[in-house]
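*Asks:* Here is how the chains run, residue by residue.
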Amino acid sequence: MSKNDFLLQANELHKSYRMGATKVKVLKGADLAVKEGEFVAIIGASGSGKSTLLHILGALDKPDKGTVAFVGRDLKKFGSAELNRFRNKKVGFVFQFYHLLDELNVLENVYLPVMAGRSVIGWFFCRKWAKRRAEELLEQLGLSDRAKHKPYQLSGGERQRVAIGRALMNEPSLLLADEPTGNLDSETGNSILDVLEKLNRAGQTIVMVTHDERIAKRAGRIVTLVDGKILHKDMSIENRK
Amino acid sequence: MYKIILAYRYLLKRRITYFAVLAVALCVFIVVVVMTVMTGLVNDFKQRNHRFVGDCVAGTESLVGFAYYEDFVKVLEQQKYIEAVSPVIKSFALVRNKNSKQDYGLEIMGIDPVRHSQATSFGDTLYYNKDDVSKTFRPSYDPNLTGCVLGGLLRGEAEDIYPETSFVPRTSFSVSCFPLTAKGALARAGTDLVNIKTFYFSDYSNSGLPRIDGSLIYLPFEQAQMLCGMAGPTKRTSWIHIKFRQDVDVRTGPLDALSCCEKVRSLWDKYKQEKAGETQTYLLDTVEVQSWKSYRRESIAPMENELTELIVMFGFVAITTVFIILVVFYMIISHKSKDIGILKSIGVSGANIIELFSGFALLVGLLGSGVGLFVGWLFLLQINRIEDWLFEHFKFQLWDRTMYAIGDIPNRLDFKVLVVIALSAILVCLIGAFVPSWQAARQKPIETLQVNQL
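Line by line, the protein sequences are chains B and H.
The opening residue of the first sequence carries number 39 in this note's numbering; numbering runs sequentially from there.
The opening residue of the second sequence carries number 3 in this note's numbering; numbering runs sequentially from there.
Hints were generated in silico from the structure; no laboratory data involved.
Be aware that one or more of the hints could be misleading.
[As the list claims (entries may be wrong)] Using 30 Å as the maximum straight-line C-alpha spacing, the simulated DSS-like pairs for lysine-lysine come out as follows: (1) B:K115 x H:K446; (2) H:K340 x B:K127; (3) H:K340 x H:K76.
Everything numeric in this text was worked out from a predicted model, so none of it was measured.
Please take these sequences and the hints and turn them into a complete structure.
*Replies:* Structure (structure tokens):
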């Protein structure tokens, strides 16, 4: 299999942070390859570097060493404008704490990436389409009646579904979810996982980070991050069965 | 589009923003009120000086005066751009109110009231003879007597015997002058050293210039000339006041007025050359041709300096506002670091983050200056009523009338000044918001989206 067959390929990623006088090495040569349409769960103990890895994969952070290639193109070679476009169009993020903008209502939060990716004039011409697409997404996520609500008026599960809607707004190739159920009770968490599974079945590539193995089992493939390295690269659900 | 929406929502929903708007509004309000009043006072003062002097003067500060003025007056009167010319005697005298028996050292000004009213606004400053200036030096109680006009602030000198009279009080003044020769020596010797003449009070003149109105007595030109020893075979005068035709508007076309003064200067130089062989030519060397502003610069310059100092002070106010805005924006942006992380995670660039918060600052500036201008306008509209009320109830006057010699406090808004103030306020907001916005733009999304940052 050539490297171009992967949607995302990370090689030998190293990342360290300075905490006071000490330097903490978080990633020590992590490798990961994700094919299109895959649902990959990255599990590991708290502080093992899962979120750091996810941020590097989504170009929110840069590795000290190593490469991340998206459809064969090294992210290091992207200029800042291209990186912004990559984050806007190619990747969708779902965070543990939802991270919705309190000043916008649900519908506005969902179509925010379309607004962010266009000028005022560009937005003027696509605003009807964007609003329709956002309404469709909210309908799919069961939030049609919440469109005009503000984030603080929603439950945790609803907020996370809004965050998923926002992440999907620009039809990204890759959905990155950082502990998407970490802040929810198990029932609500399961409903979120149902949504992710449904999306994956429809062809959406998803990389999810979690510390909970039971949640990870809902993914198509699980990789474990231990001591800054990926240990089990190809432990698919089928193999484990 | 999200920048406009978010900037607008931040403005509406963050209570601390109201403080920023209030700070800007307050600064704009203060600047609008004080600048309007001070600019009004300075402009008013300039106008009074302009009206007092006319457009241009030719003359000398020397108490001896200068000779051959009559021919030069004729030359001036032939010029198309000159409307009126008035020769004036200026000197000093001891003035005694015959009733009070007290001497005052005053300035005397000898004028032809009709000619002087044509060249300056003298006629408008009179109290009794405004409508017929030819009667200025003819006291109404006896037109055969020689009258004099007192500066408005010397009113008490005429009315100490006849207080609050509606008719011209009959009182007389003896005016004593030292007549001088063309060489500057005393014209007489011995006990006859001084020229003394009695004048009868005939009117007041209120020029609105406290120094003038408090120290000047107007006399008929010929009488003043005689008193000062300038009425010899070669007559002399001190100054010639000139008014240009109205199409030469000195207010809207200062260059034209200046060029007219230049023309008068050229005429004078030419005239001086023509008189080169005369006996008192040496007196002509001291004559200067000046615009009204230059002639009154000693009075106007301090007021203009006061205005400049005020503008500098408001510069400091603007710097203070920059820091207030900076602090408020630091607080707002530190509360919005999560939003910055979210926006960056969906592909918003650092430049767009700066634009977002600059837009926010722009709104704060627009709203603040709008509120400040509106409240300032309302306040200025009522400023005289407010001052009247304060004076009535607390005997408090914002502007001492003996110093500023104004009726009402000037409250006419200057559109250009308002635009400059509003634009400055907006600029101050943008400057104040720039540093926090720039720092926000440099924030890494993962730093702001980390759990421990929430």
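*Asks:* Each hint should be assessed against the structure and marked as holding or not.
*Replies:* Verification of the supplied hints:
This hinted pair checks out: K115 (chain B) and K446 (chain H) have alpha carbons roughly 19 Å apart, not beyond 30 Å. Among the hinted pairs, K340 (chain H) with K127 (chain B) is consistent with the structure: their alpha-carbon atoms are about 21 Å apart, no more than 30 Å. Among the hinted pairs, K340 (chain H) with K76 (chain H) is inconsistent with the structure: their alpha-carbon atoms are about 84 Å apart, more than 30 Å.
In terms of the numbered hints stated before, the structure departs from hint 3 and from no other.
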